[in-house]
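So the protein sequences, as listed, match chains A and B.
Read the first sequence against this note's numbering and you will find it ends at 449, with the numbers running on by one and no gaps.
Read the second sequence against this note's numbering and you will find it ends at 1070, with the numbers running on by one and no gaps.
Check each hint, because a few of them may be wrong.
Stated by the list, open to error - The calculated DSS-like cross-link candidates involving lysine-lysine, where the alpha carbons are at most 30 Å apart (straight line), are:
(1) Lys1066/B x Lys218/A
(2) Lys105/A x Lys1066/B
(3) Lys1066/B x Lys1054/B
(4) Lys218/A x Lys105/A
Said to hold, decoys possible - To give a feel for the contact side, a few chain B residues facing chain A, derived at Cβ under 8 Å:
(5) Asp1012
(6) Pro1013
(7) Ile1014
(8) Cys1016
(9) Ala1018
(10) Asp1033
(11) Trp1035
(12) Tyr1037
(13) Ile1039
Calculated directly from the structure, the hints in this document are not laboratory data.
Glycine is no exception: its CB is placed at the ideal position from the N, C-alpha and C atoms.
Now for the letters of each chain:
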Amino acid sequence: MTLVTGAMLASDALTSGPISTITPLHQSPIPHAEVVRLLAAWTDDGRADDLTEHEERYGRLPSLLPGRGVRRHLLIDSVRRAGLRGRGGAGFPTAEKLTAVAAAKGRAVVVANGCEGDPTSSKDHTLMQLAPHLVLDGIAVACYAVDAADAVLCLHQGSPALEPMRAALAQRRDPVPVMIAEVPPRYVASESSALVNFLTTGAALPTTGPRAAERGVKGRPTLVDNVETLAHLALIARYGDEWFREAGTQQSPGSTLLTIGGAVTWPGVYEVEYGIPISDALELAGGESESLQAVAVGGLGGTWLPVSVADELPLTHEDFAALGLPLGIPSIVALPAQACGVAETARVLRYLAHESAGQCGPCMFGLPAVAEDFALLAAGRRDRELLDRLERRLGVVPGRGACSHPDAAIGFAARALSAFADDVRAHAAGRPCRWAAQQPWMPLPEEAA
Amino acid sequence: MSRYTGPSISVDPIACTAHGLCAELLPEIIELDEWGYPILADGPVPPALRAQAKAAARACPTLALKLSRG
Ligand SMILES: Cc1cc2nc3c(=O)[nH]c(=O)nc-3n(C[C@H](O)[C@H](O)[C@H](O)COP(=O)(O)O)c2cc1C
Ligand code: SF4
Ligand code: SF4
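The following block holds chain A by itself, in its conformation from the complex (with noise of 0.2 Å):
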């Protein structure tokens, strides 16, 4: 298995949401960056595999009855080696997740995270739509490594990821049968402990407590992972760590699905390395539609970065946390030069204020006034206090709910005021951008775009 050809797959990630429908538009122009790993199927046929062809082409999963395969421990330490960490946003170390799962008290539950709550990324969607069964392969890998009893996927109602998983699920007999269960689609109903608590009570929020890997479902030890990381653990039980290290940089190993969005030739998914400058993946994308002026990577918890900066950056980590900043969920949308950052973090704000669970004061009603500061920015209101309020706002929020969402929203805003610094002081001074009141770039449900 190695790396060979282009992935493209053209999504509609202007328009926001999952995608329903998937074409194949072109073979990428630079080869050197691109590697194919999950989307095999895909760039090969252009169609999903049967079970059948899964095995023909990626071979067998080794054995996962107790006795007869890989020891668990040992499946683990592969996975240490491997140095594979989580695709859900936070680049969790997972051999760690499963370590302490798999030490825990009790029957584990394995629950996989499929449910892409971050409008700006469609590449779980597309992943399930187009390698089901690996996803599959990955969750039967985690519940071997773990010894779990129970394993469900859990989907955002109406995903159109639903009906191939289900498909996918009616060709298989895994040793833990594989429950789906749809989830309210919010925001925050993604979030680890509000899936916890979905499967435990009903209730999709987020709650304070013991962390699921101890204290899980129903008080049982959970592991929840991110669907594009338990497809890689298939693939490390098949070929290995230092297979997995091929590709990518020492401590962001691996290929990663990256959606690429915005005021590009080709918006889509693709499969690269990690460590690929984020002017490569552009180009991946066809290269920019029109002239940018900033990029926002890793969602909407991730950050704005002027395009001087995003050029020559490689996607890792390591790089991103040299900067101080968080890679995020794999996602690039490229704003063009003729935009309003300020306006567009405004839209943004506000989506995820009305997206606050409504638990926590500081995340209730901090939110909707960061993003209503933003709002008034945006629109160039002259106010002496704006700037001065909005820093104290910033300041004051982060770390005091529940989940870690006002944590992410906050550090987008902040941000927001750095990468476009030179605007923020115009707006701040009455004198908005003209692009301020344009056509959204950053996609964004549309209640709240």
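Since the structure of chain A is provided, determine the placement of chain B with the ligands on it from the hints.
Chain B with the ligands only, in chain A's frame:
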């Protein structure tokens, strides 16, 4: 690094309903934000304030404020 070790206070943000009692009882460590929710100073409670902190935790009407071992 803090100068003290020992228990520190924390607030459960879901349970807290902004009564603000804690900030009255323990102003040295707790202030309220503009919406009436407590902002806690970082780190363990200074030894001289431990009794006061315990009283504040006991007085919190929703038991959101907790004194935890450090
Ligand atoms: C508000 C919020 C929404 C989230 N939504 C998702 C999601 O839709 N899909 C996902 O995989 N992780 C999501 N996460 C991250 C999960 O809490 C969790 O960290 C992740 O599923 C763990 O998987 P990983 O270690 O494989 O990345 C969200 C986190 C927050 C704070
Ligand atoms: S921090 Fe916000 S989103 Fe998270 S649980 Fe509290 S109110 Fe809900
Ligand atoms: S007394 Fe309790 S409920 Fe009231 S503000 Fe303090 S922590 Fe919150």
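Hint by hint, here is what the structure shows:
1. Lys1066/B x Lys218/A: 25 Å, holds
2. Lys105/A x Lys1066/B: 27 Å, holds
3. Lys1066/B x Lys1054/B: 8 Å, holds
4. Lys218/A x Lys105/A: 13 Å, holds
5. Asp1012: Hint holds; Asp1012/B Cβ to chain A Cβ min 5 Å, cut 8 Å.
6. Pro1013: 4 Å, holds
7. Ile1014: This hint holds: Ile1014/B lies near chain A, its Cβ roughly 5 Å from the closest one there, short of 8 Å.
8. Cys1016: Nearest chain A Cβ about 6 Å off; hint holds.
9. Ala1018: 6 Å, holds
10. Asp1033: 5 Å, holds
11. Trp1035: Since chain A brings a Cβ to about 4 Å from Trp1035/B, closer than 8 Å, the hint holds.
12. Tyr1037: 4 Å, holds
13. Ile1039: 6 Å, holds
Every hint from the earlier list agrees with this structure, and none is contradicted.
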